[in-house]
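Chemist: Chain by chain, the residues:
Protein chains: 4
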Amino acid sequence: MKVGFIGLGAMGSAMASNLIKAGHEVTVWNRSPGPTEPLASLGAKVVKTADRAVLGDALFSMLANDQAVRDVFLAGRLLDAMDKGIVHVNHATISVALAKELAAEHAKRGIDYVAAPVFGRPDVAAAGKLNIVAAGRPGVIERVRPLLETMGSRIWPLGDAPERANVVKIAGNFMLGAAIESMAEASALTRAHGVSAADFLEVMTSTLFASPAFQGYAKLIAEQRYTPAGFALPLGYKDIGLALSAADATRVPLPLASLLHDSLLEALSAGDEDVDWSIMAQVAARRAHLDERKL
Amino acid sequence: MKVGFIGLGAMGSAMASNLIKAGHEVTVWNRSPGPTEPLASLGAKVVKTADRAVLGDALFSMLANDQAVRDVFLAGRLLDAMDKGIVHVNHATISVALAKELAAEHAKRGIDYVAAPVFGRPDVAAAGKLNIVAAGRPGVIERVRPLLETMGSRIWPLGDAPERANVVKIAGNFMLGAAIESMAEASALTRAHGVSAADFLEVMTSTLFASPAFQGYAKLIAEQRYTPAGFALPLGYKDIGLALSAADATRVPLPLASLLHDSLLEALSAGDEDVDWSIMAQVAARRAHLDERKL
Amino acid sequence: MKVGFIGLGAMGSAMASNLIKAGHEVTVWNRSPGPTEPLASLGAKVVKTADRAVLGDALFSMLANDQAVRDVFLAGRLLDAMDKGIVHVNHATISVALAKELAAEHAKRGIDYVAAPVFGRPDVAAAGKLNIVAAGRPGVIERVRPLLETMGSRIWPLGDAPERANVVKIAGNFMLGAAIESMAEASALTRAHGVSAADFLEVMTSTLFASPAFQGYAKLIAEQRYTPAGFALPLGYKDIGLALSAADATRVPLPLASLLHDSLLEALSAGDEDVDWSIMAQVAARRAHLDERKL
Amino acid sequence: MKVGFIGLGAMGSAMASNLIKAGHEVTVWNRSPGPTEPLASLGAKVVKTADRAVLGDALFSMLANDQAVRDVFLAGRLLDAMDKGIVHVNHATISVALAKELAAEHAKRGIDYVAAPVFGRPDVAAAGKLNIVAAGRPGVIERVRPLLETMGSRIWPLGDAPERANVVKIAGNFMLGAAIESMAEASALTRAHGVSAADFLEVMTSTLFASPAFQGYAKLIAEQRYTPAGFALPLGYKDIGLALSAADATRVPLPLASLLHDSLLEALSAGDEDVDWSIMAQVAARRAHLDERKL
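Chains as they are written, first to last, in UniProt numbering: chain A, 1 to 295; chain B, 1 to 295; chain C, 1 to 295; chain D, 1 to 295.
Only true hints are included.
Which copy is meant is left open, so a pair is good if it fits within one copy or across any two.
With a straight-line Cα cutoff of 25 Å, these simulated DMTMM-like cross-link-like pairs (lysine to aspartate or glutamate) come out: (1) 84 x 105; (2) 238 x 101; (3) 45 x 149; (4) 100 x 66.
Honestly, the hints are just simulated from the structure, not real lab data.
Working from the sequences, and respecting the hints, build out all of it.
Modeler: In structure tokens, the structure reads:
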């Protein structure tokens, strides 16, 4: 099929690559031109303005946050440039509020819209093994399913209302943050009693918590290796903020999300932004002054 | 080998069964006699006082809590009745404070001691697939390893000091509580946006959180099925208390454990004790008045 | 002096009255005309558009929140209608972010600006006994001091940068929320032990906590009388949100503010908005199921 | 009247002094003899064993904590040495659990018992201006009232069950801790926006929070002067622990008390015990890294 792809960060580039490798005809655009080169060498057509990527069967977008999505589609009027025949597949992790607004703006213009946030890091995206949560009209999801299947090992349809996919993504990232905090505090406790984080977390992530989320972050915590950032602290902070906003809007108290917010803010106040959000483990250790105790 | 086993609740009975089935000569005792019958029919010798179970190579004990362990071994003087040649393998989930006290009391009497708490529910114990965290002198752990291997699929040696195994067990249960709270809050959030707990948790526990801890509790939360209790609310509350006590003793702030304590206390104040501790999900839903909103 | 006053809610009306009674020539405007009548009968001149109230020595404004201030001064372009000779005294409780933005917008136009939020309820305003925290250029504050002294028993100058007054107001309201939560939880504890909230709070507010903030809210909590709202739940929730936003912007973790946010959100999720924010005491009691226990 | 007084710390000494100065015949005992000398010079009779202080109309005791009370009255059998005609007035801040146990032990022996914890620091005690919360049989409180009035400016009778006075004392100290934390966080917020803790707290404690509790601690926080300790960190930590225990026993979730516990534990983990518990303000500032920011 013939598609456009805009937003070529680490995730977007990997996802677009898989579309190209599967034989689709892909036109790409990115705000800064750097990331387009590797894709061009794979066969992508590179365009200089976003509106020229709006063509064929579908437009995929993987932009960084609410602001970027607003800038391109609403303020930048890309939405007005879209044909009615095309499906917009929005992979960005955005707020529920913007998700609803976008759904309404697409509907108003008669443009098919699928919210399709993904779970997985760049290496998972490169392997085409993302988990993709998708919401939008069933027939529309089916039309783009073959395309999504080049990027993800599994597509999880979540119903008609696009924001349903976004809230699942947000709630999932909240659970990731909770996983980090629970390992952070639990291993601070064992360290204080002489059991290293590495030894403790090996037991846990080989048994009850033998899942990708825990295994990945346990490694970082055990090695106190927070750079380079797999998922940067400010992004984690932003995503917990999305959970709190979605909760506020529907009046759902989330004390654990508040706790994560405070831990992440404490990490941010230390001044270093270019670290993985599992730096929360350092916050837990600092509260107990473990390093000064040589534990 | 010839061993004794005391404490025949659901866990202890399943563990003793596996020792018997593996061909060991097992003498059993329990405070109330009921649970001894099925083991007798498997070939166990049943005795009427605990001191008669202290014989052969090892004494295994799986008592309910600090109080029961104190009653039998310290107040009840069973420790004084033990031969120097025997190894005491204590599977109970007890406080770090009592763990240290027991280690000292055994050392004082020259009795070999292994703290060996287990991870797994009764069905896992019955299948001989527990994860056993063990601490004690290495030679001693090796002596009882063949016996432990009848009960567990994996033995995790954690060093000499027995309390190290207990703190790992306590920290592990704290992580389980955190897993429940994170699913409780996250699914309250998705419900408020129209995505059922079942749909949300299926995505999570099939992907990032595809581990036994999450899958087991997700099922209970999705079905709002808190009886019969797999792990009863008062036990969960007690275990979070053990984490907080161990943290207090070493001055490690654990805000997430405090939060779990408060959620469990709120559940307990509702008056029903005979429920699974995943009832925390009901607390999260009640805070948001979700049931009144028909969500 | 000759002044304008816009924003005639309960607070603004009481404040404007005192200006009139002190002999000043006051022109008033309000979005809805109702509240202007009593002031007209006291001698105020009533105008139909806000720009006509911009005259003489100073313009006082007491609008409800960020949105109202934005609507009138920025979107509504009232700022563009102001003469350079006039001082704008803004009494509203607004965000630190908007406070900074307004300071810059006034400076850009060469208009003198004083942020002057007040502490006190309508009855205190009527008595001219508010505490007014004021920030702006010292000479400018001095120019309007005689006017402020008709409204407040004390003026607290806080320096040049207007947002300093706003952050003090926000932090003060945060302390009020904390006072409520502390009485809410402490009296839930005493009730559970047979000491009524009334008896307990009488001791406290007659001794260590003998201050207006505690005495006022203790009465509401002791009598479980949350309507009519002195300070409505949604306003309290908004103000704790202002504290959290100001904290986020400067990366200051405020776990107690997070806790208040969650308690207020729990109160809001019960569905009744037209209650005093001391309804937090009901939340604390509900968490302990005290009413069901007849305590 | 003729009375005994045991437990002569800073508080007990000041209280005993007032009894002596009022003309009562006072016999004193203290574990370590040092503090008895100043009282001897005022006219007290000093005895070498606690049982010799049990004489006349009443025995007052002001011991440090549960352990000291247990050691002297239960383990040390002082209770068994008491005549039936005497009233025991226990001023100690003890747990609700011990309060109930003591009530029962006194009743069993037919000894009149009044729990009479006090609010006020040593200087207030020296001035005879304590607030005394008293619970016990009304007739018994009346008998000792003239004696209590030499120590306190006001006696607050709280009913028959002695533990009612203890829970009020515990809940009151919890409110003090909450007052500190609220000033700690609120002034961290204002500091981050350029308003010093001193400036902010002066406004607050001159207005809405013009009460002894706030004024006393505000001074320490504004000056960051945590030594010498007015009320030492470990005592504050212990008292919040008493609140949490009393809450656990009656299943009352107290999230704010949990938060205070965690803040105090964080302060304790820094290693310095000989500081005032208002050191919580330093914890709040450290979480925000304010000192490193020169705020």
